[in-house]
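Starting from the given sequences, assemble the full structure and let the hints guide the process.
Under mature numbering (1 follows the signal peptide of the UniProt record, and there is no 0), the letters of the sequence shown match residues -17 to -1, 1 to 534, in that order.
Be a bit skeptical, because a hint or two may be false.
Beta-carbon label-pair distances, calculated as ranges [said to hold, decoys possible]:
#1 Lys262 <-> Lys30: 30 to 36 Å
#2 Pro170 <-> Lys262: 45 to 51 Å
#3 Asp205 <-> Ala300: 34 to 40 Å
Calculated pairs, DMTMM-like style, for lysine to aspartate or glutamate (alpha carbon to alpha carbon, straight line, at most 20 Å) [claimed, not checked]:
#4 Lys124 <-> Glu142
#5 Lys124 <-> Asp107
#6 Lys177 <-> Asp147
In short, the hints are calculated from the structure, not lab data. In this text, a Cβ means the ideal position worked out from N, Cα and C, and glycines have one as well.
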Amino acid sequence: MKLWFIAWLATFTLAAAKEIPSVEEAIPPCVKALQAPTHTEFPQGIKMAVTAKNDHVQAEVLEGLNHLHSGWEFEASRHFAVAMREDPDCLLATWGMVMSLLAPSPETNPARDAAAERLLYLVDEGKGNELERGYAYGMIKYLREGSKEAANAFYKVAERFPNDLQAAIFSSLFGRGGYDDFDEATPDQKNSEKILEGLIAKNPENPIPLHALLLIRAEAPDLTDSLPLARKLCQLKPGYAPYYHLLGHYEWRCGHHAQAASAFGKASSLYSQWMKDNKVSVADAPQWVRSECYRIVALASKGDFDTAYAAAKQLAATSSPADRMQSAGVHMLYWEAKTLPARLLMRRGLPGTTAEALQSLPKPDDLKKITDKSLAFWWIDGLRIYLDAKRLLEAEQLQQAMQTAAVLAQHGSRMSKMQEASNHTGERSEWTKSLHALEILATELKGRDALAGPESAHGSAFNWFRSATDLQKPAAMLFPPAILSPMANRLGNYYLALNEPKKAIESFQEALKDFPNDSDSLQGLQRAYKADGNTVEAQKTDDLIQSLKSE
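This is the structure in structure tokens:
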């Protein structure tokens, strides 16, 4: 994505001689196919004077900015499109369109490129005020030099315009550093949070800086202290789907699975109503697929497998528009929804369900229609190989199972070489997440192989299960995890099989640290307490299990 921008900058002196892309070329076809978007009121939100030909253009730009800052880029792009059509010289509308389309996608890349070229032209023509041109400069720095330089650029804009909310937010978003290997916030992360906390203190009723803070904290190891803020976000702006999805993520990560399912259900319903009202297909509604998947995962975490599994099968059967197989929504269906029934059965792990899990995956013939449009088949086939190896182990065909495990390792190795392809298909995040999940499953499978082999090899199973546990991390980008149960459960069951209940207790407690109140982990912990003769803790754990089920 950055290379094309660098090339433009290097040759921009020649650009004046060629025709600048039209406004229509800078609007994605999927946006042009829809009616004009409806108005959504944001309390406070982004308020600024926009260099525009009239108040209507300004209103559309501001609404686009509010959606952009709230995690709904597609809806933002619709408002920017209205503004661009009415005022082709509006710098901020064109800038907003480019920002909305930053995520690579075969369907939207041509429009993004055209919008970016128009933006450079407008900058060269002197359009926009100093603040707006500062935004454009910040984005150019991101595309040329990455997040750190973009953060510095927006920070300078924020210093020049201390009352501007947006520049300070972007400096924090681009400058966040995440968490290190010890689950500690990096200095950059702490600085970004400090900036946003200051903005929230000055704007306590504005959801925009609060959403930004919750977004950059979403992958923290413990979200308990921030959960009240996520609930407040939905109070500040009720009825807004992206905020309910964010709340659901926080509830789930804190072990409040019933509340998470409710929040995801609200998000899903709101997205569904939006799809109906705007005649939008699943191709342009990846957020709906994501919220539905997460809702189903929350139900399973709560212990309501039957409801979760029925919903997963229904979601997996969602049809895809034949002419939109490269869209973000269809990609989401194949990466997440169509594998969900199998992954739920993998989580449950009951004898005899492996064959059903295999059967639930899309058939190889079904995948032929996406092999040149999506990399999701790598994930699906990887799950198929894993489940086949597990089936062979259950049939006590150890040699064949080990051979299949080797095939899985080879599959992962080949998939790891598809990074560049994932950039072209706009699936880098999904590819990264799924490749890592297959690495975990391959490691866990070696532990299963060791346990199924001669007794002399049983000890090595611990090392494989320990490695799989250490590899597992919280899911990113507000997605549910690819592997729906903690690998530490494997360690717990391993120790129970060795009649070492105290170590099993420690392992299940470790699982519950990463997957709070997970029903399977709680049941494992209860068994471990019973095996250790600790009837009091076993009863307390059972009471908790029953309480969570009844919510």
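Evaluation of the provided hints:
no. : hint                          : in the structure
1   : Lys262 <-> Lys30: 30 to 36 Å  : holds (31 Å)
2   : Pro170 <-> Lys262: 45 to 51 Å : holds (48 Å)
3   : Asp205 <-> Ala300: 34 to 40 Å : holds (37 Å)
4   : Lys124 <-> Glu142             : holds (17 Å)
5   : Lys124 <-> Asp107             : holds (16 Å)
6   : Lys177 <-> Asp147             : holds (17 Å)
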